[in-house]
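Colleague: The chain contents come next:
Number of protein chains: 2
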Amino acid sequence: MTQLIEARKGNITAEMKEVALQEGLEPEFIRKGVADGNIAICRNNKHKKIPPLGIGKGLKTKVNANIGTSRDIKELDCELEKLDVAIKAGADAIMDLSTGGDVDLVRSRIMEKSTVIVGTVPIYQAALETFNSGRPIFKMTEDEIFDGIEKHLADGVDFITVHCGVTKESVHRLRTEGRIMDVVSRGGSFLTEWILKNKKENPLFEDFDRLLEMTKKYDAVLSLGDGFRPGCIADATDRGQIQELLILGELTERAWDAGVQVMIEGPGHVPINQVEANILLQKRICHGAPFYVLGPLVTDIAPGYDHITAAIGGTVAAAAGADFLCYVTPAEHLRLPAVEDVHEGIMATRIAAHAGDIAKGVKGAWEMDLEMSRKRKALDWEGQIAACIDPDKARRLRDSAVPMDAEDACTMCAALCSMKLMNEGEDQKLVKK
Amino acid sequence: MTQLIEARKGNITAEMKEVALQEGLEPEFIRKGVADGNIAICRNNKHKKIPPLGIGKGLKTKVNANIGTSRDIKELDCELEKLDVAIKAGADAIMDLSTGGDVDLVRSRIMEKSTVIVGTVPIYQAALETFNSGRPIFKMTEDEIFDGIEKHLADGVDFITVHCGVTKESVHRLRTEGRIMDVVSRGGSFLTEWILKNKKENPLFEDFDRLLEMTKKYDAVLSLGDGFRPGCIADATDRGQIQELLILGELTERAWDAGVQVMIEGPGHVPINQVEANILLQKRICHGAPFYVLGPLVTDIAPGYDHITAAIGGTVAAAAGADFLCYVTPAEHLRLPAVEDVHEGIMATRIAAHAGDIAKGVKGAWEMDLEMSRKRKALDWEGQIAACIDPDKARRLRDSAVPMDAEDACTMCAALCSMKLMNEGEDQKLVKK
Numbered sequence: 003m004t005q006l007i008e009a010r011k012g013n014i015t016a017e018m019k020e021v022a023l024q025e026g027l028e029p030e031f032i033r034k035g036v037a038d039g040n041i042a043i044c045r046n047n048k049h050k051k052i053p054p055l056g057i058g059k060g061l062k063t064k065v066n067a068n069i070g071t072s073r074d075i076k077e078l079d080c081e082l083e084k085l086d087v088a089i090k091a092g093a094d095a096i097m098d099l100s101t102g103g104d105v106d107l108v109r110s111r112i113m114e115k116s117t118v119i120v121g122t123v124p125i126y127q128a129a130l131e132t133f134n135s136g137r138p139i140f141k142m143t144e145d146e147i148f149d150g151i152e153k154h155l156a157d158g159v160d161f162i163t164v165h166c167g168v169t170k171e172s173v174h175r176l177r178t179e180g181r182i183m184d185v186v187s188r189g190g191s192f193l194t195e196w197i198l199k200n201k202k203e204n205p206l207f208e209d210f211d212r213l214l215e216m217t218k219k220y221d222a223v224l225s226l227g228d229g230f231r232p233g234c235i236a237d238a239t240d241r242g243q244i245q246e247l248l249i250l251g252e253l254t255e256r257a258w259d260a261g262v263q264v265m266i267e268g269p270g271h272v273p274i275n276q277v278e279a280n281i282l283l284q285k286r287i288c289h290g291a292p293f294y295v296l297g298p299l300v301t302d303i304a305p306g307y308d309h310i311t312a313a314i315g316g317t318v319a320a321a322a323g324a325d326f327l328c329y330v331t332p333a334e335h336l337r338l339p340a341v342e343d344v345h346e347g348i349m350a351t352r353i354a355a356h357a358g359d360i361a362k363g364v365k366g367a368w369e370m371d372l373e374m375s376r377k378r379k380a381l382d383w384e385g386q387i388a389a390c391i392d393p394d395k396a397r398r399l400r401d402s403a404v405p406m407d408a409e410d411a412c413t414m415c416a417a418l419c420s421m422k423l424m425n426e427g428e429d430q431k432l433v434k435k
Numbered sequence: 003m004t005q006l007i008e009a010r011k012g013n014i015t016a017e018m019k020e021v022a023l024q025e026g027l028e029p030e031f032i033r034k035g036v037a038d039g040n041i042a043i044c045r046n047n048k049h050k051k052i053p054p055l056g057i058g059k060g061l062k063t064k065v066n067a068n069i070g071t072s073r074d075i076k077e078l079d080c081e082l083e084k085l086d087v088a089i090k091a092g093a094d095a096i097m098d099l100s101t102g103g104d105v106d107l108v109r110s111r112i113m114e115k116s117t118v119i120v121g122t123v124p125i126y127q128a129a130l131e132t133f134n135s136g137r138p139i140f141k142m143t144e145d146e147i148f149d150g151i152e153k154h155l156a157d158g159v160d161f162i163t164v165h166c167g168v169t170k171e172s173v174h175r176l177r178t179e180g181r182i183m184d185v186v187s188r189g190g191s192f193l194t195e196w197i198l199k200n201k202k203e204n205p206l207f208e209d210f211d212r213l214l215e216m217t218k219k220y221d222a223v224l225s226l227g228d229g230f231r232p233g234c235i236a237d238a239t240d241r242g243q244i245q246e247l248l249i250l251g252e253l254t255e256r257a258w259d260a261g262v263q264v265m266i267e268g269p270g271h272v273p274i275n276q277v278e279a280n281i282l283l284q285k286r287i288c289h290g291a292p293f294y295v296l297g298p299l300v301t302d303i304a305p306g307y308d309h310i311t312a313a314i315g316g317t318v319a320a321a322a323g324a325d326f327l328c329y330v331t332p333a334e335h336l337r338l339p340a341v342e343d344v345h346e347g348i349m350a351t352r353i354a355a356h357a358g359d360i361a362k363g364v365k366g367a368w369e370m371d372l373e374m375s376r377k378r379k380a381l382d383w384e385g386q387i388a389a390c391i392d393p394d395k396a397r398r399l400r401d402s403a404v405p406m407d408a409e410d411a412c413t414m415c416a417a418l419c420s421m422k423l424m425n426e427g428e429d430q431k432l433v434k435k
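Note that the protein sequences, when read in sequence, are chains W and A. When you line the first sequence up against this note's numbering, it's residues 3 to 435, in that order. When you line the second sequence up against this note's numbering, it's residues 3 to 435, in that order.
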C-alpha cells in the first residue's frame, strides 16, 4: 500500500490524520489532496519513528535544509551539529547531500538523529563511488545507479531526488538554445555527461518503471529533479528547462498511475518578474503536483547574501503556489555551509515560506502576524518576543540596547514613540473595537 | 529657478547632464522625466559639493539609509561612523533622523561629511524641542513647524519628509475604518494628535503654499510622507492609507504647478500579494511621481530579520516601479540600529533594488549578472569576487574554506563540481557561442 493508493480508494490513513492535525485541517481534505496528487505525504514506511510531513496545496509551505559532507569537509560531528541547528531553527525536512568521507555512515547517523523527514540524492553516492574507484563518472552503470537508490530507500530515506527528465530530448533542446551556465545541477551534469558520452538514454528515464517499483515498496516520495534548472538569471525559463519540465509532467502521471507520490523540483536563478510564471507553468504541466523550489535566486551578484536573494524569490514562489522551499545559505556559491550559515539559511527561508502563506491564505498564517501586531500595539515586549520567528535573536537585539528614556518603548524613538503617543488619550484612539 | 521649471522650459541643466552621465542615459531623457514629474533631481542649491541624485522612472532604483541619534543613544561619533559605513556599503542617500543630543550639531556634521544627498524629517526636531521645553508635542505652533523646516532647508538638506496628507479628512477615514496599529509613522502620529487635540487642520496641508515657497527657494525635493502607512500586515491598503494617498496626489500637482519637485513616500507593512497594487495605485494617483518606499515588510513576525522582510517587499516594489527604497535594518522594531546593522541593511536593500532593476529593465542591471555568470562558468574566482555586491564578504567566506580537492572549485562540490564536469569535454559543451 501507499498513501496515494489508499487515498484513491477513499481511505483515510493514520498518516493523513496526523498531517491533518499538524495543519489544523480536516483529514478528508488531506485524503483528497493526496488522491489528486496535490499533496504528498513524506515518510518512508521503514522510518516510522518520525512524524509524516504533508507537502502541497492548502498546507503550510515547508522548508528544507541541505546538509552533508563534501570531499573537502568530511567531519561527521559537524554535520550532526548542522542537523541539530537546522531542526532547532525550524526546518521541516533535511536533505543529506554527503559526498565526502564515509557517506553511508553519515547517512545512517543522520537518519538515526533526525526528528524530521530526510531526503537524499542517491546518484551523488553512485557518482562518488565511481569516481573513487578511478573510473570517470559517466562510467557508472545502470545497476550501480539503481542499487544506490534501493540502498537509500531501504535505509528509510523519505524522499529521493532523481533527475529523470534529463533525456536525449531535453539535452538536445538545451543545446539548440545554448546557455551561459550549461548544467549547474550536479545530478543533472552527471546524467548529461552520461547520455552524451555513452550515447545512451538516461536509465532513470528509460527504466522509470524500475524506479517506480522500488519507490512504491517503501512508499517514499519521488522528487523529480530539475537537472536543467537555470544557474543564472540569463538562463532562466529557457527551452531546455521547460522541455525537462514537460517530461517531468508526463512522468508525474506515470508515477501516480503506479500509486507513487511525486514532487517536482524547480529553479534556481530566476528574475523576479519570471517567478510567478514558473510556478504557474509547473502547476499546469504537472497537474498540480507539489512544487519544491531552490530559491529562486533573483540575482546572481550577491554571493554572501544568497539566503536573502533566495528568500525574495521564495516568497513570490510560495505566494504563487510553491509548496516546499529548499533553503539557500549565505555560503552558497562560496563554500560548504558552516553551522552558522545553516541557522541563517533556515530563518530566511522560513520568512519566505510564512510571507507566502499569508498571501495564499494558509490556515493560521495571518493570525500569527495579527498576534504580533496586537502585542506591539500594547508595547508588550515579552509578548512580541514570544511571537517572533526567532525569539532568541530578537531578545539579544532588544537586550543589547536597553531603553532608559522610556522603558516601554525602544531606543529608536524613546519617548517620541508613535505607539506611546497614540495610546495616550482616549480621544485619539483609532482602534476599532 | 528649479530643475522642474528649467525642464519644463526645455532647458537641460548641468544637473540633468550629470544625472544622465551617472545613469548612462541621454540628457534629454532626464529633462523630459523631470518635466513630467517622473524624475526628481535631489540636491539643495546650497549643497553643491555633492553630486545631484536622480530618482525616478527609467533610472536605477536608489537606496537610502536612515541614521541619527535618539534620546537614548546620542553619541555623534557613532552616527558619523554609521554615515561612513552606509556610504561605503553603497547608500545613494542618507536621512538624518536625529532626536537625541544636539541635533543641529549632528545634522551639520552629517551635511559636512556626507558625499551623498541628505534628507531629514524636520518635524522631529520641532516635536523634540516642544517636548524638551516641557510642553506636550501637540502644543507645537505652526511657526515652530515652518521655522524648523526652513532651518533644515537653509542648512542645505536635499529632501525633506513632510506629512501633508495627514488631514482632518484622512484622520476621519482612518477612524471609520479602524486599525490594529493606529498610526505608526512618528510624524504621522505627531500631526494626528495635533489635529485631534487642537481641533485644527494640519498646517502643512493648510499652508501648503508656504511650504512650496520655501522648498522652491532651495530647489529641494518635497518627500510627501505617508503618515498613515500601515504598521502591520492587517492594516495594509486600508481606507485611511488610500485616502492620504489621494490627498498626496492632489498636492503633487500643486507642487508641480509651483515648480517644486516631489516624491511620494509609501508603506510599510504589506503582504506580498498587495505590493504590486500599492505601486500601481501610487503611480496612477500621483501621476507618475517617484515613489519612495520603506520596505514594504511582508510579515510582522520577523524582528531581527526585517532587513530580509523588507528586501522581499522592496524587490517586488522596485520591479513594479518603486524608485527609491529606504533600507530597513535587522534592528528594526527592537532598537536604534548599530553600525553593523547599517551595513546589513544597505546590502539587503541594494539586492532588492538591483533585483528590481533586472526586472524593470534598467540600463546595465542585466549585464552585471551576465558578467558574474561568465566568471562563474569560467571558474574565475577573482572575477566572481570582483563582480559581487559585497566583494569583502564574498572573499571572507571563500577564504574561510579553501578547497583542497579541486582548487578551481569550492568546498561544496569539490571534484564533483558541475561546472568543472561540463567544461571538461568539447563534446558536451552546451554553451552557444
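Please keep in mind that the hints were generated in silico from the structure rather than gathered at the bench. Any given hint could be a false lead.
Stated by the list, open to error - Derived DMTMM-like pairs: lysine to aspartate or glutamate, alpha-carbon spacing no greater than 25 angstroms straight-line:
1. W/K153 - W/E215
2. W/K202 - A/E426
3. W/K422 - A/E203
4. A/K76 - W/E179
5. A/K202 - W/D79
6. W/K422 - A/E28
7. W/K199 - A/D410
8. W/K379 - A/E171
9. W/K365 - A/E278
10. W/K199 - W/D259
11. W/K422 - A/E171
12. W/K76 - A/D410
13. A/K422 - W/D401
14. W/K170 - A/E144
15. A/K201 - A/E252
16. A/K59 - W/D149
17. W/K362 - A/E252
18. A/K59 - A/D38
19. W/K199 - A/D38
20. W/K379 - A/D106
21. W/K170 - W/E278
22. A/K201 - W/E203
23. A/K115 - A/E20
24. W/K395 - A/E342
25. A/K362 - W/E203
Colleague: What's the verdict on A/K59 and A/D38, does the C-alpha distance respect the 25 angstroms limit or exceed it?
Modeller: 10 angstroms, holds
Colleague: Given the hinted pair W/K422 and A/E28, is their Cα-Cα distance within 25 angstroms?
Modeller: Not OK: W/K422 and A/E28 at ~49 angstroms, beyond 25 angstroms, violated.
Colleague: Within 25 angstroms, alpha carbon to alpha carbon, are W/K379 and A/E171?
Modeller: Measuring from Cα to Cα gives roughly 24 angstroms; hence the hint holds.
Colleague: Could you grab the alpha-carbon distance between W/K199 and W/D259 and see if it respects the 25 angstroms cut-off?
Modeller: Distance of about 33 angstroms is beyond 25 angstroms: violated.
Colleague: Hey, A/K202 versus W/D79, does the alpha-carbon distance stay inside 25 angstroms?
Modeller: The given pair, whose Cα atoms are some 68 angstroms apart, is violated under the 25 angstroms limit.
Colleague: Straight-line Cα separation of W/K199 and A/D410 no greater than 25 angstroms?
Modeller: Judged against 25 angstroms, a Cα distance of about 24 angstroms means the pair holds.
Colleague: Is it true that the CA of W/K202 sits at most 25 angstroms from the CA of A/E426?
Modeller: OK: W/K202 and A/E426 at ~19 angstroms, within 25 angstroms.
Colleague: Going straight from one Cα to the other, do A/K201 and W/E203 come out at no more than 25 angstroms?
Modeller: 80 angstroms, violated
Colleague: Can the restraint linking W/K199 and A/D38 be considered satisfied, given a maximum Cα separation of 25 angstroms?
Modeller: 60 angstroms, violated
Colleague: Compare the distance between the alpha carbons of A/K115 and A/E20 with 25 angstroms, and conclude whether the hinted pair is satisfied.
Modeller: Answer holds: A/K115 to A/E20 is near 21 angstroms, not above 25 angstroms.
Colleague: Holds or violated: W/K395 and A/E342, Cα atoms, limit 25 angstroms.
Modeller: The hint holds at about 15 angstroms.
Colleague: Decide if the proposed pair is consistent with the structure: W/K422 and A/E203, CA atoms, cutoff 25 angstroms inclusive.
Modeller: 22 angstroms, holds
Taken one by one, the earlier hints fail for this structure at numbers 4, 5, 6, 10, 13, 14, 16, 17, 19, 20, 21, 22, 25, listed in ascending order.
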